[in-house]
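**Student:** Given only the sequences and the hints, what does the whole structure look like? Please build it.
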Amino acid sequence: MTAPPHFTPTDPEALRWRPLTVRFSATGAEYARLWQVNLFLTLLTLGLYLPFAKARRLRYLYAHTWVGGHPLGFHGNPWRMLGGHLTMVVLFGGYTLSGYASTWVYVASAVALALIWPALWRAGLRYRLANTRWRGLRFAFVGDLRGAYRAMLPWTLPPVLFGVSALICAPNTLAGETPDLPAWVWALNIAVFCAALPLGLAWVKRYQTSGYRWAGLVPHIEASTSAYGVLMLRVLGLGLLGLVVALVLVMGVLYGVGELFQLSRATMGTLFSVAAFCTTYWVGLVGTSAQLSAGVQNIVWNATSAPTLRVQSSLDVAGYVWLQLKNWLWVALTLGLYRPYAWVHAQRMRWAAIQVQASEDPNGWRQTPTPGVKGVKGAQGEMSGDFFGLDVGW
Amino acid sequence: MPDVTLPVRWFDGERALPQAARLRWADAQLHLVHDGGQRSYAARHLAWPDASQHRVRHLALPDGSLIECQDCAAWDAWRAGLGLPMSWVDRWSAHRFGPALAVLLSFALILALWRWALPVAADQAALWVSPSTERQLGDRVWREVDAKWLQPSRLSKAQENAAWAALAPVLALAGPEIRVSFRHGSKDLGPNAFALPGGQIVITDRLIELLTQADGSVHPALAGVLAHEIGHVQHRHGLRSVFRSAAASAMAGLWLGDYSALLAAAPVVFAQASYSRDAEREADAHARALMQRAQIDPRAMVHFFAQLAVDQKGRDGDTTYLGLSSHPADNERIRYFEQSDQSPVAEPSAAPPASAR
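Here the protein sequences line up with chains X and S, keeping their order. 178 is the number that numbering that gives the first Met the number 0 gives to position 179 of the first sequence; each next residue is one higher, with no gaps. 12 is the number that numbering that gives the first Met the number 0 gives to position 13 of the second sequence; each next residue is one higher, with no gaps.
Honestly, the hints are just simulated from the structure, not real lab data. Each residue gets a CB set at the ideal place from its N, CA and C atoms; glycine is no exception. Among the hints, a few may not be true.
To spell it out: a stretch of chain X is covered by chain S in this simulated footprint if at least three of its residues, at any positions, have a beta carbon under 8 Å from a beta carbon of chain S; those stretches are [said to hold, decoys possible]:
| # | segment |
| --- | --- |
| 1 | 25-36 |
| 2 | 60-74 |
| 3 | 134-145 |
| 4 | 359-366 |
**Tutor:** Here it is in structure tokens:
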């Protein structure tokens, strides 16, 4: 294993990289107990308990993630997270309801939501990181607001372009009709969409990863956009191939069953359409999203390093896809009750693929003040994360 | 209170170095003794860590430092010895049958919410939508549907006039928001009629042809079909079903979370179908009452179902048992219209009779 090319060691002693063992000690049975109680309380309170459930889940996840003999810790205050949760409910509720008012109000609220989304995303990252600790030292997220908007820019291009082309080529779109665009405009839109997808992913991941701080370590990420583009093409190709194979197999089996039991045409029609829908979802969506997230984990962590810390990810993509396909099947068969087990199994496989090495003794690391994060000390540290305790994402 | 100390590791929040420390509890205060000195924390400032499912005890202290104890058994014994209770959620998930009880209660709660709270809440939400907004919504859909899926009617002038004549008694009783259009539909659409939110009603050519009798007149069952569709409009079924499926998907999302949108969609499809069957029964009740007011024998509808059965062999066959069908079984509906007595009913928009539910 060699040092990253951008890192020129000044002290040869610093090149003595030692592994920090990563271990994920959660078990499905244990997590299920926690999840079941969380679920009931969330239902009982019609969702108000969600931030408390989330804090408990994160505490569990972090406390079982060991790096070099010490677990991570999540210390977010669920009461503050409740404020953030309610903010999100109001925002998204308003957005959803605005659809019933008029097209204009709907478009306006969608634009407003898109405009504040990068700020919300950044606030969530700040809160999550400011409340995560390892060896007693807080993490921080120092990405600035401008950076958040810049990172999200590629993903806002396709909808904006689509809106503009619809307005120019088909003004009746605003009356709620599907726009009738010339073929070349469609082609342009699709091309921009295909280019923006990997570009946006690259920018988002770069902004995210390079904003992390811990004990003064400044991570450096060197993943090219083309790496994400290649990944997405591979996911698309393999996903389609897998989908076709799976559909042929499932339909073949169903046909055999139909012949065997002499089922009527109408019954067969229903069975075929239900099976086609489920298979498409299962292989087409569960499979490809697992493939994508595994690929992204490998790209991001293998491209990231800090002067005294290296991270590597060697997640077996095929194995992860297979695991998620199995997980999904069990979740469906158990009406959702397998979900905590599925979650733990997926997390375990992802963590098991990560290797961390340090060239210094971690005992010597110190908290250093991070620019842009004031007063990350004591309970007020939460305030620096963000006033509302926004923790975006489940 | 016994003076018991617990050895732990302590991080001062400035250095990543774990330091040996001892914990002692006295006078409702936690005292931390480390190499450099002693710190005390009032009980009310402490957020005790979850115990039951963790392999470590982390106690974040108000001054930014952190206690880490990897000997969970010792920690729990120490804490229990001091009489410091665990949180009730923690005790619940640690209890042998607690989580299983939570699952049972969750299922019961979901069923109850599904059956009673969700439809009522969605219908209440629909009340907030003004009739003009509803009409805008429906008209938007109508323009789309008309442009994409329907063609102008191909009926002759005589056929059309016969159809209007059959509809007249019911139309005379309908409000101004009801607008009826005849359209030529695809083969899949077949003999059909549907209503959009706000009052637009569509009747396909095939349906009119199906109910046209030997003498060229159209059977009064057509008025019954119209009355049924008017029932959908009056009860705002289109709008209510939008709200119901939104609420159902929100609930399914809570249960299944991020895991999978399909799993979340499946219960919505079933809920939608069952709500839709309820809505059809409600519309049938409306139709029966309206027909009686228009002096049409509701048993005319039996003719409609008979014609439909001839037209579509195998209808009402295989999907009903899957719970996926959007309409109640034909036999049930025929029985409903057969049961009608011919005495006129005063108020068509009154709640449907219990037998219709």
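**Student:** Against chain S, does the segment 60-74 of chain X show at least 3 residues with beta-carbon separation below 8 Å?
**Tutor:** With 6 residues close enough to chain S, the hint holds.
**Student:** How about the segment 134-145 of chain X: do at least three of its residues have a C-beta closer than 8 Å to a C-beta of chain S?
**Tutor:** holds (count 4)
**Student:** Are there three or more residues in the segment 25-36 of chain X whose C-beta lies closer than 8 Å to some C-beta of chain S?
**Tutor:** holds (count 7)
**Student:** Take the segment 359-366 of chain X, compare each residue's beta carbon with every beta carbon of chain S, and decide whether three or more fall closer than 8 Å.
**Tutor:** holds (count 6)
Hint compliance for this structure: every hint is met.
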